[in-house]
Amino acid sequence: MPPTNKATSASDVVAPQPTKMGKHKLKKRHASGERTVENILKPLDLGDDDYRKVMDLMHAELVKGLTPATHEAADIKCYPTYVRSVPDGSENGDFLALDLGGTNFRVLLINLNGQEVKMESKIFIIPQHIMLGSGIQLFDHIADCIFKFMTDHKLTDRKLPLGFTFSFPCRQEGLDRAILTTWTKGFKCAGVEGNDIVQLLHEAIVRRGDMKNVKCLAVINDTVGALMSCAHSDRKCAIGLILGTGTNACYIENLDDVKTWDGDTDEPHEVLINSEWGAFGNGGALDFVLTDFDRSIDKHSINPGKQIYEKMISGMFLGEIARLAIERLRKNNLLFEGEGSYHLSTRGRFYTKYVSEIEGDDVDNFTVTKQIFEELELVTHNEQDYRLVRHVCSLVSRRAAYLASAGIACLLNKMQRKEVTIGVDGSLYRFHPFFHDLMMEKTRALTDAQISFKMMLSHDGSGKGAALVAAVANRLLEEKKEAKGQGPSSGH
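Residues 1 to 492 in full-length UniProt numbering are what the sequence shown spells out, letter by letter.
In case anyone wonders, no lab produced these hints; they're calculated from the structure.
All values derive from a computational prediction rather than experimental measurement.
Ideal Cβ placement from N, Cα and C applies to all residues, glycine included.
As a list, the in silico BS3-like pairs of lysine-lysine whose alpha-carbon atoms are at most 30 Å apart:
no., residue 1, residue 2
1, Lys236, Lys481
2, Lys53, Lys418
3, Lys481, Lys259
4, Lys188, Lys299
5, Lys259, Lys53
6, Lys418, Lys236
7, Lys353, Lys454
8, Lys148, Lys185
9, Lys306, Lys42
10, Lys236, Lys414
11, Lys353, Lys185
12, Lys148, Lys122
13, Lys299, Lys64
14, Lys212, Lys484
Distance windows between CB atoms, simulated:
no., residue 1, residue 2, range
15, Asn254, Gln384, 51 to 57 Å
16, Asp287, Lys484, 51 to 57 Å
17, Glu478, Ala449, 38 to 44 Å
18, Lys188, Glu478, 35 to 41 Å
19, Ala449, Asp287, 28 to 34 Å
Could you build the full structure based on these sequences and the hints that come with them?
Printed below as a string of structure tokens:
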């Protein structure tokens, strides 16, 4: 790594001395000297013992989530996804995929031919009145979009298996059955919560009467999509990780350890588990590493007391953690000569992209950092300020990467597979200059020595992954039909 982009350490930062301030700034100096850079930022700098404790506590929660008696009380629910098999490379043909996770809805046509994948897609907007209307309106709109796409691609006469990435909290009751538990992301369609979204989709298709060949075989979330997308080219992929606006992970678990399993016990004797690990810490397990900044973020969030782990790691919150730390330093006259700005004091205004951009900046000239400070309308800043803000950003993102690593190491140690590929998707992982390297370093330090692993960027898991789950489901259905067909003719 070039020396200009090395992660800043505390020794690189000299606390600004507030000795040159004029009388007009005396009011802001009351806290000066009471706090130092080190004791303000120290709570963000965790040690290996802390991360090992996080790992042990997460393991205990995973076991609780997989056990019927403790499942409801567990922070990490560990929902079986009913996905039992990863692609084996023999999947061929055309598949439809749907991707609904916000106001943009995608329909995709995916052609699988061995390792070769061809994709065509179209984005449709979900209007506000449909987001807030009835479930029937929503699924009729989705069915209309599918029909338009199929008409444009001359697919209306084809029989096409379909995979649906539905990125809202669901309780999976089968590969093709998912009950919406609660709407998020601005959706509030009546009559959907507590119902099976695949059934609602099929009912909308039936109402149209002109798409009899479309059948949804699988509904998944984005973590499963990330895993399946990577597994298509790497059969050793056994963990799917999302590090974006939010965070979640899924992994392949032995059926013997899934005490909540209610499906068959045929081979393969394993199932993908959607951990929903963002809720880790809701019961207080992470209180020992929470800072004042974390508590402030939780208090002012739309879901206080929920998704504690996610709030320490994901892109939705890292910029705000950094802003709170920067403001604490400023108020103690340790940054910007105590002079702030409206933007810096506004919640949510220091974006997570700033964290990535400042850390990736050239430390010889700080060009990007200066531009960001100008956007924030900060008047007074010098090289010490640039270095200290960079140090804050580095601490916040390093803690996030290491906490995520503790989670991944926990899964790797639990699975005990000799070689594992981790499929990763999400803007935080994609765009932060050091996140991958930080995670590789800390995951290695926390993982049992005999386990080897690598992290692989997932490409379009929500599209390609959904089609692959449908393809695998279709292959397994065909194999079962063939096996039943061969039975009578086997001569017994």
